[in-house]
Structures are given as structure tokens and as C-alpha cells.
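Chain by chain, the residues:
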Amino acid sequence: MYNDMEQTDSHIITQVLAGHTRHFETLVERYSRQVFALVVRIADSPEDAEEITHDVFIKAYQNLQRFTGTSSFSTWLYRIAYNTAISASRRQKHEAVIEPAQWDAIADSCVDDALDELTQQRIDLLYKAIGMLSPDERAVITLYYMEELPVSEVASITGLTVSNVKIRLMRTRKKLYILMTRLYETDC
Amino acid sequence: MKQIAEPSAHDRTLRSALKSMPVSQTRLSTNFTWRTMEAIHEVELRRRKRQELVVRRVGLVACVIIAIAALGLGTWIATPILGAAFKQDLADIPASAGGISPVLGAIIIAVPVLIAAERLLYRTYIKQPRKS
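The listed protein sequences correspond, in order, to chains P and B.
In terms of the working numbering, the first sequence opens at residue -16 and continues consecutively.
In terms of the working numbering, the second sequence opens at residue 730 and continues consecutively.
It is possible that some hints are incorrect.
[What the hints assert, rightly or not] Keeping only pairs whose Cα atoms sit at most 25 Å apart, straight-line, the calculated SDA-like set for lysine to any residue is:
#: 1; chain 1: B; residue 1: K748; chain 2: P; residue 2: E136
#: 2; chain 1: P; residue 1: K111; chain 2: B; residue 2: T755
#: 3; chain 1: P; residue 1: K42; chain 2: B; residue 2: K778
#: 4; chain 1: P; residue 1: K42; chain 2: B; residue 2: A768
#: 5; chain 1: P; residue 1: K42; chain 2: B; residue 2: K748
#: 6; chain 1: P; residue 1: K42; chain 2: B; residue 2: W805
#: 7; chain 1: B; residue 1: K748; chain 2: P; residue 2: Q(-2)
#: 8; chain 1: B; residue 1: K778; chain 2: P; residue 2: R49
#: 9; chain 1: P; residue 1: K111; chain 2: P; residue 2: T164
#: 10; chain 1: B; residue 1: K778; chain 2: B; residue 2: R852
#: 11; chain 1: B; residue 1: K748; chain 2: P; residue 2: C93
#: 12; chain 1: B; residue 1: K778; chain 2: P; residue 2: Q(-2)
#: 13; chain 1: P; residue 1: K111; chain 2: P; residue 2: R154
#: 14; chain 1: P; residue 1: K42; chain 2: B; residue 2: M766
#: 15; chain 1: B; residue 1: K748; chain 2: P; residue 2: Y14
#: 16; chain 1: B; residue 1: K748; chain 2: P; residue 2: S117
#: 17; chain 1: P; residue 1: K42; chain 2: B; residue 2: R779
#: 18; chain 1: P; residue 1: K42; chain 2: B; residue 2: F761
#: 19; chain 1: B; residue 1: K778; chain 2: P; residue 2: D91
#: 20; chain 1: B; residue 1: K748; chain 2: P; residue 2: D91
#: 21; chain 1: B; residue 1: K778; chain 2: P; residue 2: R5
#: 22; chain 1: B; residue 1: K748; chain 2: P; residue 2: R13
#: 23; chain 1: B; residue 1: K748; chain 2: P; residue 2: E30
Since the hints were derived computationally from the structure, they do not count as laboratory data.
If you're wondering where the values come from, they're calculated on a predicted model, not measured in any experiment.
Could you put together the complete structure from these sequences and hints?
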């Protein structure tokens, strides 16, 4: 069953596909901020992010007849945004590399504690660590923690399976913990 | 099969760090919607022009095929009715006209007339004004 927002979205899409291009403006107004919020975290540059967001809406318009309605319009748009932003940021390679041995040496409880302790020092370290993640990792944590989407929807947007999203989230959390520790040691 | 646990949804430090990123304060430019809609109108205009070009080309090819088919059909129908004399007349045609065969002449006249008819029909029934 669709809620009012979904009905309105599908109504607008029908209008746009019938040739009333100007109705697409409502969708741009409605979703541009959300798309930008995701893209800016993947692209890591507000200037590039605005251009990517612009491209996302043009791609969405060009492929609107392919929108089948099996997912919500926002999920479909997020998928375009995710793919466009990932392709655009593949050129920027500044992610940190973690040795395989380091993964196993960390207990999950340590990660849980580190990521849930609300001190300014932790927030600052984590903020720096997020900047060292790959665009894919930043996208997944943004969708899960910032946009508060369920794992199934994150999977639908990223094209990964639900299990793979969970694994990626777990690994990203561990990676953040390792990077925080490294940064802490460097700072001291 | 081992069930993979969902990661902790709490992670307050992680949420705070994500929210404290300067990108959270970054906003889209005020003319973003206008700029995007301008680009979309251009995309739509280009798409319609491409579509019109395809329709025109298909129309033109269809006209030429119909003209050739009509000539062939006419000849095929006329031959048994007019008999052997018509065949002889057709054979004599190139020699009778001063340089240009009347059949070729008829084609030369018919093609521009058909093209003009195709354009007129296209403008009347296919080309629609932009709705947006």
C-alpha cells in the first residue's frame, strides 16, 4: 500500500511521462537536498557534489520511463545518486589501507564501545577517520546512520545483498576503530 | 546457514561525527532547481528534435517506396489491359522524348510533390507544440 507521498510521486511521474516536463520540478525540489546530502559525503567536495546532484536529476529524467514502481521513487533516485557519485569519485584515491591481520585482532565489543562513547575527542577522531574511508564505505554508513534507512533498502540502493551490506557495515565500523586508534597514536 | 547480525544502530559517536562533518552545513546553490530544470528542458528539446528527425526520415523513405510501388503496380495493371501495344509503347518511350524519358520525367515531378505532401501531413498531424 502506498502512502500519500508515494501516490503524489507516482502521479507526478505519470504527468512527466505524458509530456508535462515542468512537473519534474516538484521532484527536484522534494529530493535535491536528500540526494545532495548523500552525494556530498561520497564525493567529499561540495562543488563536485552539486554538479553530481545536477547530473543525477538529469539521468533520472532521461530514464524515468524505466522506473517500474517496484521500489519507492526515493530509493530509485538514491540508486542513481549512489552509482553516479561512486563513478565520479573513483578517480580520488586517498583511502586508508588496513592489513588483514589487524581485522581479526579487534574484538567487536571494543568497536561497539568506541563508536558509542560520546566525547568530543572521539567525535573529532572519528570525523577524521571517516574522511579516510573509501567512497563506497562512506556511502553505506551515510545511508544507514545518517539517512537511517533499513539494511534492505541500503542493499537495494547499492546493489549489494542484505548480508553483504551487513558485512560491509561491520567492516567499516572496525576500519573506523583501527583508523581512530592510529590517529590517536599519531596525535599523542 | 549462519545469520549475520545487524550492526549496532546506536553508534552515537559515529552519528555525531557524520553530523559534525562540514558537509552538513553545505547547501545547494539557491538557483539549483532552476538550473536543473533548464538542463532538463534542453534534454527534452533535443530528444523531441531527434524523434522528429526519425519520423521525417521514415516518412520520406515510406513516400519513395510507395511511389515506386505505385508506378510498378500501375504498369502491372496497365499491361494486360492495354495489351502488347502498351509494351511496345513503353519500349519506344526513351527514343521518343528529347533526352528525358517521360517515365523518368513523371518520377522527377512526383518525388517533390510527394515530399511536399509528406511535409504537409507531418506538420498537420505529427508535429505537436511543446507542452512545457
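Here's how the hints hold up against the structure:
1. K748/B to E136/P: With Cα atoms ~21 Å apart, K748/B and E136/P stay inside 25 Å; holds.
2. K111/P to T755/B: The hint holds at about 18 Å.
3. K42/P to K778/B: holds (19 Å)
4. K42/P to A768/B: Given pair K42/P, A768/B holds - Cα atoms ~11 Å apart, limit 25 Å.
5. K42/P to K748/B: With Cα atoms ~28 Å apart, K42/P and K748/B exceed 25 Å; violated.
6. K42/P to W805/B: Cα-Cα ~54 Å, so violated.
7. K748/B to Q(-2)/P: The given pair, whose Cα atoms are some 36 Å apart, is violated under the 25 Å limit.
8. K778/B to R49/P: The hint holds at about 21 Å.
9. K111/P to T164/P: holds (11 Å)
10. K778/B to R852/B: Distance of about 14 Å is within 25 Å: holds.
11. K748/B to C93/P: holds (23 Å)
12. K778/B to Q(-2)/P: Roughly 21 Å between the alpha carbons, so the hint for K778/B and Q(-2)/P holds.
13. K111/P to R154/P: holds (17 Å)
14. K42/P to M766/B: Judged against 25 Å, a Cα distance of about 12 Å means the pair holds.
15. K748/B to Y14/P: The hint holds at about 19 Å.
16. K748/B to S117/P: holds (18 Å)
17. K42/P to R779/B: holds (18 Å)
18. K42/P to F761/B: The given pair, whose Cα atoms are some 16 Å apart, holds under the 25 Å limit.
19. K778/B to D91/P: Distance of about 59 Å is beyond 25 Å: violated.
20. K748/B to D91/P: At roughly 24 Å apart (the allowed maximum being 25 Å), D91/P and K748/B satisfy the hint.
21. K778/B to R5/P: Holds, at about 18 Å.
22. K748/B to R13/P: This hinted pair holds, its Cα atoms lying about 21 Å apart.
23. K748/B to E30/P: Holds. K748/B to E30/P sits at ~19 Å (cutoff 25 Å).
Taken one by one, the earlier hints fail for this structure at numbers 5, 6, 7, 19, listed in ascending order.
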